[in-house]
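From first to last, the protein sequence lines are chains A and B.
Per the working numbering, the first sequence runs over residues 1 to 199.
Per the working numbering, the second sequence runs over residues 1 to 199.
Among the hints, a few may not be true.
Each pair may be met inside one copy or between any two copies, as identical chains are not told apart.
What the hints assert, rightly or not - List of simulated lysine-lysine pairs, DSSO-like, C-alpha gap at most 30 Å:
#: 1; residue 1: Lys73; residue 2: Lys130
#: 2; residue 1: Lys59; residue 2: Lys73
#: 3; residue 1: Lys59; residue 2: Lys87
#: 4; residue 1: Lys59; residue 2: Lys130
#: 5; residue 1: Lys87; residue 2: Lys64
#: 6; residue 1: Lys87; residue 2: Lys130
What the hints contain is simulated information worked out from the structure, not anything from laboratory work.
Protein chains: 2
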Amino acid sequence: MQIDIEFFWDPGSTNTYFAWKLLPAIAARHDARIVPRAFNLGYVFRHHNYAVMAEPPPKIENRKRDLARWAEKYALPFRFPGVFPIKTSVALRGAIAMRRWDRERDFINAVLEAYWERDDHSIAEIGGLKPLAASLGVDPEAFAEAAESDEMRQALIDETQDALDRGVFGAPSMLLGNELFWGKDRMDFVEDELERNSI
Amino acid sequence: MQIDIEFFWDPGSTNTYFAWKLLPAIAARHDARIVPRAFNLGYVFRHHNYAVMAEPPPKIENRKRDLARWAEKYALPFRFPGVFPIKTSVALRGAIAMRRWDRERDFINAVLEAYWERDDHSIAEIGGLKPLAASLGVDPEAFAEAAESDEMRQALIDETQDALDRGVFGAPSMLLGNELFWGKDRMDFVEDELERNSI
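The shape of chain A in the complex, shown without the other chains (with noise of 0.2 Å):
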């Protein structure tokens, strides 16, 4: 039987980007399938009332220190991106559309690699996101339409609040049945309940 690993993903995300990239190889290991749900991270702080909270200036070093050796480690040409944070809504109303052309998780790679490997900023506007749907060979005006279409923005208000409901709280979160793992950290765990499934 093959297992579904439902993907919750914010292009806005650091982790999601090491995530995303590093679990095509262990969902291959085990033959699972990996489904993307958009999590408007955005929507996601609202609801929670959540606040950013000053972090001492060793800390804020360290965490790019550990990005940097997470890129090694991997090979990802990972960078900081110049403009960040940036509005990712659109971007993850476009991945919903996409499932009309079965090209979301190519349309999500897309876009993660823009943002997090090119500094390319332009992914938070529909006019960066359309030639990035030309190159997975769909129509940019019809893609266009239907990511500003009321029906997506419902799309996504529903589907990020499906996740809180069933207890998601951040991205990357991957969901297995019901086991819940946060965090680009936790790979290796997410690979031990494949194990464990499979059996």
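Fit chain B to the given chain A structure using the hints.
Showing chain B alone in chain A's frame:
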């Protein structure tokens, strides 16, 4: 050349327990030496004006699940203590005092096992630490006198401040030369660094 792993610890930190239990095998594989550094989190939080932020219940729930997964994966008899948080400065002073008898690492191990495996929160008081000292062959009265001395009170402040001055911001942290690693989930990066240094 033997490499030193400076290990910044506080017994009130759950992740200190896990990192402490995982580190010896890693150090042994690379003939590295673990050098404990007392890091008084209470002092640090005051220093940084940290506020503990209210977290959404699903996040708290997931943390518990995550800790249970770590305990299972590494076969550790961890259980979350009934009394938490506790005062940790006496145990930290006791550890520094134990250098006089060359039993610091054994003492740290005894303290962490008492609190994180046996739910024994008496380690918050000198009375709970004396039996641990005795079990290590150290005269409990001489130990208590040292641990409660003004000299040790100052030593704990100095050691914690020195760590802050060197860029340590949390526990557990591991410092190898100038490379700082934070958290129980960076043990593989510590091992990578040891490998790099042994070439």
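Q | Violated constraints from the hint list, given by number and in increasing order | A | 1 and 4
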